[in-house]
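As a plain string of letters, each chain reads:
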Amino acid sequence: MLGDGEMLEMKEIVLKQGTFEMRANLGLEPSARVAVIGPSGAGKSTLLMALAGFLTPVNGRVYWQGEEITGTTPNVRPFSVLFQDNNLFPHMTVAQNVGLGLRPSLLLSAEEIERVECALTSVGLDGMGARKPAELSGGQQSRAALARVMVQSKPMILLDEPFAALGPALKIEMLDLVARLCTDTGAGLLMVSHDPSDARRICESAILVAEGRAHAPVATDELLRNPPEALRVYLGQ
Amino acid sequence: MAYRAQQIAPPIPSGFGLGAATLVAALILGTLGVVASRAPEAGQLGPSDWAAVRFTVSQAVLSAFLSVLFAIPVARALSRRRFRGRGLLITLLGAPFLLPVIVAVMGLLAVFGRSGWVSQALELFGLPPIPIYGFHGVVIAHVFFNLPLATRVILQGWAGIPAERFRLAAQLGFSARNVARHLEWPMLKRAVPGAFAIVFAICLSSFAVALTMGGGPRATTVELAIYQAFRFDFDLGKAALLASMQLALAGSAALLALWMSQGQGGFGKGLDRSVERWDEGSRIVDFIAIFLAVLFLLVPMLAVGSRGLAALPDLPMTVWASAWMSIKVALLSAGLAFALSLPIALTAVRFAWIESVGLLTIAASPLVIGTGLFILVFPFASPQDWAFVVTACVNAVMALPFALRVLIPAVQDVCEGYGRLSLSLGLSRWAMLRLVILPRIRAPLGFATGLAAALSMGDLGVVALFAGTGEATLPLQIYRLMGAYRMDAAAGAALLLALLSFGAFWMCDAWGRRNA
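So the protein lines, in turn, are chains E and S. Counting from 1, position 117 in the first sequence corresponds to residue 117 in our numbering; the numbering is continuous, with no gaps. Counting from 1, position 441 in the second sequence corresponds to residue 1441 in our numbering; the numbering is continuous, with no gaps.
Next up, chain S with everything else stripped away, as it sits in the complex (with noise of 0.2 Å):
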């Protein structure tokens, strides 16, 4: 008999899992009801404001749109080739996950802004620049970060065919069309509306790029008509009842991301395999796929690289301070992340559905949950004295839909190839933890709280709205430096934060990794 089709649950506490669980709802639900409550004094939406409900539907519809049509060719190329480097690529396209905001759209003005590499090449033909600011920066930063994504989920849908149908290809002589119409094409049909959905997700809750990149009355996601309602007119009625629409939004298009991403992983395994095929293609075309990827995912980081290396030596000491201030928000949003996912994802081996409070999460949009905490802090204490515990706290909230969609997989591996041998052997609930669990799991473990403390390291979400003139997190810094033309310390700082960012995921990955 096939026993091992048996759930096998071990004795694990699930009472930490459920407070967890718990805490993390009332905090989301909790705010969401402080909010709802002041909604009505609003009235209703006015014009300018259904314009931003517009402005993010269609930036999002686009830029989901051409992150995903982009990444058909690009996953296609990096699947049917073999090439030194391949691996390290596919490495590198998971990187734009952890790249602040911030470093990113530096990245992408140094290149397509005014000034820029691109319209300085324009002017060349007597063309002119590209309106960055706007709607097309915001899908061109969009698609900056969507593209690898995109292309890591289409990826996934060539690695899901199975070997042995190429070769069974490769003995009926198909031919390249042959293999993408009965093979690649129904793939495709099942991996790319996933892909949309999760990148249309993600672009409907854009706060930091919309702040940068957008603003104006034609360029404004919900999120940002969120924080303009608080910080340029503090109406507080009209904040909530625009979060009230982008729970809605992002809610609804949470939803249907995983109903059409079911079946498909995380983050991407076995993504290094690349099967034998036979069937030739046009290695021009894909040569150019990966070229351009490469050339517009590189070149931005390259050009903040290189400014801010220049500039890196005498940073004024401001940025060191927000530097300091950003690493001990990171500190303890990993911290709270790792001290809530660990326990949610134990408990996730007995009650599956302790899951769908990351769903929540990604709902429930950071500005969303700073808007609640907000009217609840306000007539107690000064916002911006809790500015940073608030930050650290959203943060490390939403990173858990990460954190659990590596972690609950790994948890259940281990209780289906080690539960039964446990509770033979007569290992407690903490001997079970600690000798097997633990250990097992330490490299996801590590995978998440690095995510945790890389996302909460580059964030400028709800610091925003928080935080006063004074202290700053090193996003918000260089934000204001931007802000005042010092573009140099700007891009020294960027450079700064982008070492910290992935020093942070590198060192909590490197633990976890240690004698795996």
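Next up, chain E with everything else stripped away, as it sits in the complex (with noise of 0.2 Å):
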């Protein structure tokens, strides 16, 4: 099943929280864009936070190109994480949001708070460097999460749902700039979502999460044209 072109294998993954329990075995290809989908409770979360490293488990390994990260810290995995929310500092500007991403320390060179202006406009908050989170709405704080993932430029993004919260027109905007940030720089997306069209929208494979197993990806169309029991009830078919 695990074939050499993967980049991030999950090896007899068990995770635990509580009297909760799931399985994981499966493996990604480079750059691709999958979906995690299933019933809300089902360990979707639970998948993407185990695989960010904030969640140890209680059994089997973490590969990334081969190489074990089951037991590092989630700043050196190779994952840039958007959450539910709480996203950006609210006590810091938007630039000193996105400059995290370079330094943790802050104290950025010319040439990186250069980078990110750069960052800023593509993601079109040019100009809004100097406002807190509080000043912008709701879209533009996810523009300016991802202006920070987009400095961080990491080979792989990780989304919690972050953008649950936003109307349905600007989800579809902000999965769109997702899908541009994903094409312009070659990163993977391992994406949370509840809700189907999402990932039809944005992500060529998805992995079912349900009774307590994650499911090797397979095409988003396929799976939801043909959903199996449990997918099934989830979509009210």
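Incorrect hints may appear among the rest.
Sample of chain E residues facing chain S (criterion: CB under 10 Å; computed from the structure) [to be verified]:
no., residue
1, Asn59
2, Asn86
3, Arg148
Looking from chain S toward chain E, a few residues come up when the C-beta cut is under 10 Å (computed) [claimed, not checked]:
no., residue
4, Pro1383
5, Leu1427
6, Met1432
7, Leu1435
Hints in this document: simulated from the structure, not taken from any laboratory. These numbers come from a predicted model, not from an experiment. Note that CB positions come from ideal geometry on N, CA and C, so glycine has one too.
Combine both chains into one complex, guided by the hints.
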């Protein structure tokens, strides 16, 4: 099941949180855009947080390009993460928030400040670097967080439904921005979503998380057209 | 999955916090050990010592009972009425906590004293004045300080009743009596014992009030007896024995208060919110409750203020010198409190038990620590030379439980909200402290530091034990002026002290709120 071309592998992973338990045994190809879908409470976020390094598996190993990363700290992993909320520090300016992606000490060189400006421009926030997050709209806050993901330039982006609070039109805008960002930088994407249309829009394949298992990725269209029982109940078909 | 439930402990260096906590514990337990080692020399407690124990407990019980009894109608009125100045009034209820005891005592004497306003009014009807010195005075002063505290604690109980319950009550056509029975009474059964226990514990350790309003064989608290054993008899063994007694009393009361007030927040979060209600209740009763409380709390303050204002221009030089001394003590004390509480609060994210060091300081009264330090310092140096440093240290430690109560939840909130983001961005320990935690806990940090500064500015405790006849802090100077019947100068100095205390708090608090 796990081929040589796979960048990310989760081997015999067992995750536990209290009485909740789930298993994962799968691999992802480089630059793949993969949705994580399934009923709420099935463990979509748990899977993502384990990958990001916030939850240590009780069993199994995680490999990145053949190298084990199971016990490493979150910041050395090849992922940039956007959480459901709290993606920006409210007391810092937008530029500082983005700058953290380059240098966590915030002691930026002139060239790095330039890069922050570029990233802000490319997400459509030019000239807003001096503002605090509270002065931005919800969509603009998401753009600022994405600008940070951009300057982090990690090989893979993990999204834990960061756009769930946005309206439908704004959410589509953000998803397209994410897709563009992935295309431009060649980064892979793993995105939790409870909305099948999100997955259809930007992810060619999808991981189904249901009944305590994270299944290997399959083509999104195929999965949604012909859903297994657990997903069918969730989708209401 | 609700991932947020998992505790994220960011990489904060724990060594500093553990070190600070150890230092505090060593100070408290070390002085206690020193005190205990001297205790057997006194033999046994005499009848006057037992009288002090009885007085301490009985005045604390009555003070706590009256504070809570009066607090219930005031809290109810504040919770169900909306009027202009309500927010200001609730803020003012926090003020007596910062008010130096000696200032309040001056105000209470002006109102209830032999030649005070109340006594003069009584005289018109041919009645004798209230005997303010002794049991009555101690209880009145304690109710003055703790009625606002009890009101805030109970008001929090009212604020904790969900708005939906009141809507449901309105839907079901509850009368005020029904609301009281089904919503308020169950809340009070939970909130009142906690409020009572807190006030009881505070009144047990009362020193300054007993020093100024009590005294004599029939109105001496254990804390005051410790002081007297020192200053008058120089009987270290007896002082030590009394100190052990005080520790047992205050320690068990503190444990009781902690146990009974579990689940109640610190300094009244969300008290400004008033829930809309549909049951009417008596407007007149509410008005009277608030009016009397304001009268009782405000009039003594106005009395000091008006008398002090007149005396302010010709204050003696000694008062200004004492004021400068008090400012230095407060600065040192606030700095120490900051340096101790911040690392402990940071460490509490990982080791929650560390907050119990605050409980330790509540159990150990300042006079107990002072007694221990006196015994330690005495063989090597003149305690008078160390009076101000010791005062600053003891005050910093005494402010610790309050500082921790506001800082620890704040640090926890930051770590829960931004711990993962900080980790995923690879912020180092110091970067996280500098860039995330400090800016985000600035407001509670300013509040806690201001609290420490104000408390130590107004403290009349250890300094009375240590200080010689020369230099004094401002509260001690006021006490001396009162003893010399220079009441105008004392009132002027009291006004100055009140301004300094509130000013110190306001400056720190404003620093914390800037750009917040």
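Hint check: is the beta carbon of Met1432/S less than 10 Å from a beta carbon of chain E? holds (8 Å)
Let's test the interface hint: is any C-beta of chain E closer than 10 Å to that of Leu1427/S? Where the cut-off is 10 Å and the nearest Cβ of chain E is about 4 Å from Leu1427/S, the hint holds.
Under 10 Å, Cβ to Cβ, is where Asn86/E needs to be relative to chain S, so tell me if that hint holds or is violated. Holds - the Cβ of Asn86/E comes within 10 Å of chain S, reaching about 5 Å at its closest.
Closest C-beta approach of Leu1435/S to chain E relative to 10 Å, hint status: holds (6 Å)
Against chain S, with CB atoms and a cut of 10 Å, does the hint on Asn59/E hold up? At about 18 Å, which exceeds the 10 Å cut-off, the nearest Cβ of chain S leaves the hint on Asn59/E violated.
Hint validation: Pro1383/S versus chain E, beta carbon distance must be below 10 Å. Holds or violated? violated (46 Å)
Cut-off 10 Å, beta-carbon criterion: hint that Arg148/E touches chain S: Check passed: Cβ of Arg148/E comes within 8 Å of chain S, closer than 10 Å.
In the structure shown, a violation is registered for the earlier hints numbered 1, 4, in ascending order.
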